[in-house]
Amino acid sequence: MSFPWLTVMLAVPVVVALALAFAPKSISATTVKQIALGTSLVVLVLGIVMAIRFDNNGGMQFTETHDWIKTFGAHYALGVDGLGLSLVLLTVILTPVVILASWNDGDEGRWGPKGFFAWILALEGLAVGVFAATDVFLFYIFFEATLIPIYFLVGGYGGPNRAKAAVKFLLYNLFGGLVMLAAVIALYVESAKATSGPSYLLSDLSHLHVGTDVGRWMFLGFMVAFVVKAPLFPLHTWLADTCEEATPGTSVLLVSVLDKIGSFGMVRFCLVLFPEASRWATPAVVVLAVISIIYGALMAIGSDNIPRLIAYTSVSHFGFIVLGIFVLNSQGLSGANLYMFNHGLSTAALFLIGGFLISRKGTASISRMGGIEKVAPVLAGLFLVSGLATLSLPGLSPFISEFLVIVGAFVYSPWAAAFAVTGIVLAALYILVMYQRMMTGPGPEEIASSPISDLNLREIVSVVPVIALIVLLGFFPKPLLDMLNPGVQHSLVQVGAHDPTPTVPLSGGSGEGGSK
Amino acid sequence: MNAPALMSAPLMHLPPVVDPSATSGVFSLLWLVVALPALGAVVLLLAGKRADAWAHLLGCATVAISFLISLILFFSLLGRGHGDRQVTQHLWTWFSAGHYTVNLDLLYDPLSALFLLLITGVGGIIHVYSIGYMEHDERRRRFFGYLNLFVAAMLVLVLASDYVGLFLGWEGVGLASYLLIGFWQHKPSAAAAAKKAFVINRVGDMGLFLGSALIFVTFGSTSFAAVSASSHQASSGTLTVIGLLLLLGACGKSAQFPLQTWLLDAMEGPTPVSALIHAATMVTAGVYLIVRSNFIFSLSENARTAVIVIGCITLLMGAVIGCAKDDIKKALAGSTMSQIGYMVLAAGLGPAGYAFAIFHLLTHGFFKANMFLGAGSVMHGMDDDVNMRHYGALRKAMPVTFATFAIGYLAILGVPPFAGFWSKDKIIEAAFGQNFVVGLCTLVGAGVTAFYMTRLMLMTFETSKRWEKGMHPHESPKVMTNPLKSLATLSALGGLFLVNGWITTWLTPVVGERVEHSLAVGSIGMSLIALVVVGIGVAVAWQLVGSRPVPRVAPENVSVFTRAARADLYGDAVNDEVVIKPGVAGIRGLGVFDGSVVDGIVQGLAASLTAISVKLRLVQNGFVRSYALAVLAGALIVIFAMLAVNFS
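Note that the protein sequences, when read in sequence, are chains A and B.
Under our numbering, the residue at position 81 of the first sequence is numbered 81, and the numbers go up by one with no gaps.
Under our numbering, the residue at position 372 of the second sequence is numbered 372, and the numbers go up by one with no gaps.
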């Protein structure tokens, strides 16, 4: 039997998290932090080795399948294709970054640094599980389980209104999850009709034929959960409230990693299991996605609170991701897959650097900032680069994904693209107005009298890898796209979509193509 | 005058196809032209304070070497046969999705060859000038880093072989422009101007985004080679829409109506920036885009008509604004808008005008950079005062600045034999060849140009001293005056491009054969008419400004027209009333809507579920579980509903 890569990647952080949780009180905070960082780095190395061994055209890989609950047809089944691997990589890249950046953020929380870093590691393991699960039942278990660490990270370590925020987070996500549970159970009912007995394995379910109505109901059940998770209008309001209270590191894990479960789920489950329903729902989802793009951006422009603003930019960006998925063509879906990874990086950088500034100023209010560039140029410079990534400047990785999504949207309908493209103007507004208000100008008196310090070495080391990756993938996204594109084609075949041919043939030799 | 008559020129040939051969020999150095300034930018921006001592030298050296390579490449291209002057260098595949692939390839042809010389040549001169101009700025290293970044991005823009690659450079120069307008970002006005420039440019970028998407949908590719090969097969409606979308992009970058308002504010940047980015190179990128896309515009009369209309409006608007400004840089900025209007108009004339658009772009690059740097030299000697009402009689105090500025002045007026005469005259001629009204616009524009430039010259170098107390104007150091002399030489001699119609022949492989129109008055007759109009402009300026004392404070009791021109013809006022105020109010309303209506409805549903669950159950602890149970109940109902549907 081959080495169970994914199980190890899932288990190592969870086991260390448990060990930390039950470690004696005498263990020092520094030791806890070092163990957490070391663990996350080991997992990162595992992830890199996996990426090297991954065969881009090999479909599902690193698979493990064991029977689990035979009567349900549930299996302990893991495996990743390009999309799954890219999100596992995103998780294992961002976890050490968050740990290093949040070095002191757990000190004053309810359970101290021990609890803080234990929950972060637990979250990492569960996130790997959710992106690697190839059994719907197992996916559902991981899906719900990821709520627990976030609930405690927000409720135990957040701002003054953390309790309310944590409950709101849980409320929305449990609602979505339980609606999905209904669909999961219905899926069992459907698969039990098959001669081979019930099975929750994706590989079995993708051949399942369900009636049109039932398929659509089940699609909606999954979709509601995913739309809450990758928040689309009108189910987005929990995100800004949660991010406002959570520590920056928690927000990164929530928005950059866990919210991707929503968009990942749409590709992995909605398109593959319910192709007819996906095509049926496309117009409605596209409209919702376009509304989210504009609505989220407008809300971001109107925000005075840094984490709230970043949360709303994510509502806008998830609009782009979902738009790319549901236009059902190569450009849109490739762009959406790539967007999930790129958005994770740019949003992480924005949350963390914004967090460094908030902890220095003691406030998250943009109107109470000003003139920071003069006293903390490194902080301002890195924040600007992250912001430029968020507004999709070419040369930084999010541009390629956003461009592909808009091209995909144009292929689907020029109107969808025309509305979506206003997002690039609104993004320039929310980022540059925020930068202008926070970083430029003479700034308030108190900055001149007691200037804040620039980033220290630990903070720089924590975010620079993310920025470097954003630049690298901006110019050279090919390795990532090569990993993702075969899966895109596979999904499109599953959902029964075809790319239209260009109106004017590329060969151009016949001379009869146009209507001139 | 109706539209069909406006567009009468029949199309004789299909536009030329972009079909380059792979680079070999000396052309393999092409990538270095971009890589050197890019490397310079990276080093200068990351090196930190230890590089302060030599940063400016490195910044100049990278551009200088790029210029040398550009020269070598230019002469190598010149040595090639007429039909063999397109080469391409494959760098790497940028991205691909489905059948769509975008390569980062460089395309070197007669058009990009001229731009390479302009960007690295004029850019290099301005780099040298900046050594002196920014000498006392503690962040000079960063300034040179940004300048190098700009040069690299501008080179990407003109060397890209694909619309998306062009967009990389397009946004790169936008970023450099943003960083440099806001270079003194402790000044709120500079920070605001930088943001405004970027955001308005983004409005134009929507056009480029959608245009690229439509190009892909139509041709299955966004490379110039593929599009130029099949553009004649596309429907005229599609080509028109593509043309209009590209024009929107060009309006943003080149400050053309209705996206012109950012350029005047952009003068907040250091003056070398105004010379390089907001006069000589970046703002002309829109003209480049149109000329590069000749395989679209040549085939769509409607798109060309739109280009001509935009060009006409802007050339007159900019000229009028230039007449009323007392800030020397803003007067020059109005002039830049106007001159780019000429280029856009010329590009809109199609095969009759492409070459002249580029010709005027080059000569304008020389004489406008010359005058902006001259203005910088004046400001240097006047403690950074920009108000021409505080100048006067500076000719004696700054003889070199005056002499070089005067050559730029003669060039922009179109006085023979200076550069502007040749290029502007050709545009006026071609405009009359197309349509009388369009020709009249260019002629009136020339007269107004003569007025505002003479006004500027008189207020600055002649008339009486109106200096602030204790001001001792002085000539700038050699490191600044030598660049002025080089640019003045170019402004004087730039007309040499036209010897034997060289530039039109040179550009033929890119834009196609030029369509000639013969004028009733003949070429020389047209030149004489233009000179008379210019003379009238000069005389009026002398009458209104030169022959009477200039008040130190701008008079208030002026005509509606002057007031309108001072307010930039109300461009900002319209934006404020139509876009910004309703936008701010809308966003505020949306915030309330999000908090109370959207969140309220969802919360309300949850609360009522809770209430029901509390009633249904006996009292239990734990909010979360009660929510969960309530929602589970709902979920179960859904399941039963589904099973009912299923089994019925």
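FYI, nobody ran anything at the bench for these hints, they're computed from the structure.
All C-beta atoms, glycine included, are put in the ideal place defined by N, C-alpha and C.
Any given hint could turn out to be false.
As the list claims (entries may be wrong) - Pairwise CB distance ranges (calculated):
(1) A:442 with B:555: 29 to 35 Å
(2) B:576 with A:365: 24 to 30 Å
(3) A:457 with B:555: 39 to 45 Å
(4) B:81 with A:464: 49 to 55 Å
(5) B:137 with A:471: 26 to 32 Å
(6) B:93 with A:493: 37 to 43 Å
Each hint tested on the structure:
no., hint, result
1, A:442 with B:555: 29 to 35 Å, "33 Å, holds"
2, B:576 with A:365: 24 to 30 Å, "26 Å, holds"
3, A:457 with B:555: 39 to 45 Å, "60 Å, violated"
4, B:81 with A:464: 49 to 55 Å, "51 Å, holds"
5, B:137 with A:471: 26 to 32 Å, "27 Å, holds"
6, B:93 with A:493: 37 to 43 Å, "24 Å, violated"
Checked against the numbered hints given earlier, the structure breaks hints 3, 6 and satisfies all the rest.
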